[in-house]
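Protein chains in written order, with this note's numbering: chain U, 1 to 180; chain D, 1 to 683.
Derived by calculation from the structure, the hints in this document are not laboratory data.
Don't be surprised by glycine CBs; every beta carbon is placed ideally from N, CA and C.
One or more hints might be untrue.
Sample of chain U residues with no beta-carbon within 10 Å of chain D, all distances over it, derived [stated by the list, open to error]:
hint : residue
1    : P38
2    : G84
3    : Q119
Which bits of chain D does chain U cover? Going by a derived footprint, with three or more residues having C-beta under 8 Å, they are [what the hints assert, rightly or not]:
hint : segment
4    : 46-56
5    : 176-185
6    : 314-325
7    : 364-377
8    : 510-522
9    : 628-639
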Amino acid sequence: MPLKNLRITCVFAACALGALLAPVCALAQQTDAPTETPLLRFTDFFKLPMGSRGAEMTPALLRRDGQTVRLSGYMVQQERPATGRFILTPRPVRMSEHADGDADDLPAAWAMVYLDASQQDFAVPYTRGLIEVRGVLSVGRLEEQDGRVSWVRLQLGSDATRGMNAFEIANYLHAQKHLH
Amino acid sequence: MIHTLLKNPPMLSRTGAAACLALASFGALAAPTVSRLTPPSELFSSGNAGPVIARFLPGQRFDLQATLRPDDAAKSITAARFSIDGRAVDAHVALKTCTSGCQGNVPANATIATVRAVSVNKPGIHTFSVTATQDDGQTVTASGNLEVIPLLTGGQKVKNIIIMLGDGMGAAQRTGARIVAGGYAQGKAIKPLAMDTFPVTGMVKTASLNSVVTDSSPGMTAYVSGNKNNNNEEGVFPDDTTDPFDNPRIEYLSEYLHRTQGKALGLVTTADVFDATPAGNAVHSSNRGAGTGIVDQFLDDRNLTGLTVLMGGGRKWFVPASTPGSARGDKTDYAFSATDAHTADIVKGWGAAPGRMDKDRDVLSDFQAAGFSYAPDKTTLDSLNPGKTEKLLGLFAHSNMNVALDKIDGRRNKARGVTGRVVDDYGLPDQPMLDEMTDKALAVLERQKNGFVLMVEGASIDKQAHNMDTERWLLDTIEFDRAIQRVQAFAAQHGDTLVIVTADHECSGAALIGGSRVTDARLQELVREGGSANIRDKVVGIYEQAGFPKYKMAADGYPETTDIDYRLLVGYGANSDRYEDLRTNDRPLQDSQQPFVKKEPLSIYPATPAARDVDGKFMVTGQVPGESAVHTATDIPLSAYGPGAWSFTGVQDNTDVFFKLAQAAHGVVLPANLFAPQRGAKK
Numbered sequence: 001m002p003l004k005n006l007r008i009t010c011v012f013a014a015c016a017l018g019a020l021l022a023p024v025c026a027l028a029q030q031t032d033a034p035t036e037t038p039l040l041r042f043t044d045f046f047k048l049p050m051g052s053r054g055a056e057m058t059p060a061l062l063r064r065d066g067q068t069v070r071l072s073g074y075m076v077q078q079e080r081p082a083t084g085r086f087i088l089t090p091r092p093v094r095m096s097e098h099a100d101g102d103a104d105d106l107p108a109a110w111a112m113v114y115l116d117a118s119q120q121d122f123a124v125p126y127t128r129g130l131i132e133v134r135g136v137l138s139v140g141r142l143e144e145q146d147g148r149v150s151w152v153r154l155q156l157g158s159d160a161t162r163g164m165n166a167f168e169i170a171n172y173l174h175a176q177k178h179l180h
Numbered sequence: 001m002i003h004t005l006l007k008n009p010p011m012l013s014r015t016g017a018a019a020c021l022a023l024a025s026f027g028a029l030a031a032p033t034v035s036r037l038t039p040p041s042e043l044f045s046s047g048n049a050g051p052v053i054a055r056f057l058p059g060q061r062f063d064l065q066a067t068l069r070p071d072d073a074a075k076s077i078t079a080a081r082f083s084i085d086g087r088a089v090d091a092h093v094a095l096k097t098c099t100s101g102c103q104g105n106v107p108a109n110a111t112i113a114t115v116r117a118v119s120v121n122k123p124g125i126h127t128f129s130v131t132a133t134q135d136d137g138q139t140v141t142a143s144g145n146l147e148v149i150p151l152l153t154g155g156q157k158v159k160n161i162i163i164m165l166g167d168g169m170g171a172a173q174r175t176g177a178r179i180v181a182g183g184y185a186q187g188k189a190i191k192p193l194a195m196d197t198f199p200v201t202g203m204v205k206t207a208s209l210n211s212v213v214t215d216s217s218p219g220m221t222a223y224v225s226g227n228k229n230n231n232n233e234e235g236v237f238p239d240d241t242t243d244p245f246d247n248p249r250i251e252y253l254s255e256y257l258h259r260t261q262g263k264a265l266g267l268v269t270t271a272d273v274f275d276a277t278p279a280g281n282a283v284h285s286s287n288r289g290a291g292t293g294i295v296d297q298f299l300d301d302r303n304l305t306g307l308t309v310l311m312g313g314g315r316k317w318f319v320p321a322s323t324p325g326s327a328r329g330d331k332t333d334y335a336f337s338a339t340d341a342h343t344a345d346i347v348k349g350w351g352a353a354p355g356r357m358d359k360d361r362d363v364l365s366d367f368q369a370a371g372f373s374y375a376p377d378k379t380t381l382d383s384l385n386p387g388k389t390e391k392l393l394g395l396f397a398h399s400n401m402n403v404a405l406d407k408i409d410g411r412r413n414k415a416r417g418v419t420g421r422v423v424d425d426y427g428l429p430d431q432p433m434l435d436e437m438t439d440k441a442l443a444v445l446e447r448q449k450n451g452f453v454l455m456v457e458g459a460s461i462d463k464q465a466h467n468m469d470t471e472r473w474l475l476d477t478i479e480f481d482r483a484i485q486r487v488q489a490f491a492a493q494h495g496d497t498l499v500i501v502t503a504d505h506e507c508s509g510a511a512l513i514g515g516s517r518v519t520d521a522r523l524q525e526l527v528r529e530g531g532s533a534n535i536r537d538k539v540v541g542i543y544e545q546a547g548f549p550k551y552k553m554a555a556d557g558y559p560e561t562t563d564i565d566y567r568l569l570v571g572y573g574a575n576s577d578r579y580e581d582l583r584t585n586d587r588p589l590q591d592s593q594q595p596f597v598k599k600e601p602l603s604i605y606p607a608t609p610a611a612r613d614v615d616g617k618f619m620v621t622g623q624v625p626g627e628s629a630v631h632t633a634t635d636i637p638l639s640a641y642g643p644g645a646w647s648f649t650g651v652q653d654n655t656d657v658f659f660k661l662a663q664a665a666h667g668v669v670l671p672a673n674l675f676a677p678q679r680g681a682k683k
């Protein structure tokens, strides 16, 4: 899998360590996105308006199943984020899992984004604003470990966390453990 | 727990010949112990007779349970029996060993003894006990207490009970909605909220069983079970098992009044219907997140609760797992055993449905097969003839419904999303407002000859307060008050309906800190300049600088805009870190660090609290960790209208509300200390 097709662009751009990591982010932004990778839109996921008995996948989504696609969206700010993955949505959503559980404001069209299998213990810091991810699309029902069911997933490659070197990750984890 | 028991020898006795040997060999600690006794009591946990924690109505059902621990890993518990006031409870005792299915801190040879669906009729404080026998003959006895609150002979029997539950709605949320919706003139409210016109108001203490800061589950269940639950748990007492559906149950108000008076139940919410507040009226689970099992239980136990109307969001739980977007799964479902008495007795004792691991179930169709008319949108809801609608299921969203501000913007064709309106972005352009849902619920429930219990929740007052999204919770409070108008009119017309308006807890520590000193245009300029010196110091008007913010209300009942000149300003005492620009959050400001802001798809929504308003660069340091504002332990107001309303004056525990509601349904009485005692009267 070409590395250039599998990365989060500047996933660390707006974290609390923004100033420290600015050079890293700038470097990541200088790399042009490969234009040949098709762009998938959240509005392509399900037919709109929603049906009265559930969602219906569009041909545009189904024909990309298994392909490498680009997807732009907002990383959901989770109160209890899991390592190795995050949720991407077409609009910013914050989830107060402690107070609300799965009674959330997620639209039907959301995607679970997985880091590479070698990075499953990576805690991806929340990133503000739009990000674009590239990965292999997987469509269909999957029950996650915590019981949440995802219908659209994107598997990233190992270079997706470029800009998140060990030093950055250590700082992030430290910040999580010692909230200021 | 063992040591606390030993500190209170009157509550614990050991007998048997083997006990002597054990004492001789291993010292005084060697004996089986009772590490949990349910219902919870101070008598058991601390040895103090008060306060009495668990209280019930005469005949209200609950489960007895004890966790029993042998004194050695090689031993086991062979028998257990419960008694109340020294008299054996004549019911089957189910024994579950903890070889599997128990919490990690419970030894595998522990045993959980349970008796299902017990009740006590005689008012007063009762002592209940469990006596367990270990396989070496030793026994252990532990005791707790509970109270049965009498139902007094009263006057008018209230036919209908309506609970208006503004989730997270503290005094600030109420006041803020009043200022925005009604306005003030020279210190006087021009138009009060509907809830302001209720004749009786009291304060409610909201603590849960395990915290001064409750969440929405025990916040709701206290009102409708009379008992404290742990956070995240609904209609059950805590236990030591991992199964979220096997906990000791407490009979809900809906179940009690359906069983004893034939009343129906209606649940209306702007949240996903499986959420804690609606579920906390009808579902028994220690996991408020177990959506598959929760919606199944709504339907399957309707014969216990009388569920007749269910409206809100949450379609994702009702369609089979094979349907795209379905959230149904085995991890959030349940099935009771047909052979293991631990859960089989729930079915036998309570008459409850056994449940089934059935993620592929089409619950929506099952609701329809059970006689529920289904409304997926406002148009369908409006078209339903309540005179011909026996039961009603309304599922207007995939998860939570959109909030009032976004629904109203949708109706006004006001674009806040890239594709047009937020409701379009969600694919749900035809959602009803809460007052419209409430009207239909009342019209359907009105046909119930024995009356009904209706809970209507303004859910996103809380959810948007978590977000510290001031305008969205303000409009949701206004939406909620418009629903209160509807039930007040219903109650005024019928004369047999008691309405209470309250919250489960306060959220965010919201405070109305003043008013803006500048026009909105000037505020936008100051936001562009940024920093606290501009956004805070030049904007926030305190005391007389605040004046009286004046919002212009449109014909639809909501402000024409929330971005007025000299606007109302809100601060948050339970806030996380955030940036604030004091304006309505309708779109994120462009972030120069983000290279993709011009790309598809929906790029103009507000991000999370810490993310939005960032261009203003007015960082408000949070007092709580994490990303969102939190619930607070502050007392919340309760207002009451209709027969029985006087009961709710004063400062009361949230569990008191249950007994007052039940008393009203039994016959209205005035509270004992409502009037000053006459001179010379005996104390």
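Quick rundown of the hints versus the structure:
Non-interface status of U/P38 relative to chain D is upheld: no Cβ of that chain comes within 10 Å, the nearest being about 12 Å off. A cut-off of 10 Å between C-beta atoms confirms that U/G84 is not in contact with chain D; the least separation is 19 Å. The beta carbon of U/Q119 sits about 22 Å from the closest Cβ of chain D, which is more than 10 Å, so the claim that it is off the interface holds. Note: the segment 46-56 of chain D has 0 residues with beta-carbon separation from chain U under 8 Å; the three-residue rule is not met and the coverage is violated.
Under a criterion of three residues with beta carbons nearer than 8 Å to beta carbons of chain U, the stated coverage of the segment 176-185 of chain D fails, only 0 such residues being counted. Proximity of the segment 314-325 of chain D to chain U, defined as three or more residues with a beta carbon under 8 Å from a beta carbon of that chain, is established by the 9 residues found. A count of 4 residues in the segment 364-377 of chain D with a Cβ less than 8 Å from any Cβ of chain U is obtained; the coverage claim is therefore met, three being the minimum. Note: the segment 510-522 of chain D has 0 residues with beta-carbon separation from chain U under 8 Å; the three-residue rule is not met and the coverage is violated.
Residues of the segment 628-639 of chain D with a Cβ under 8 Å from some Cβ of chain U number 3, which satisfies the need for three, so the listed coverage holds.
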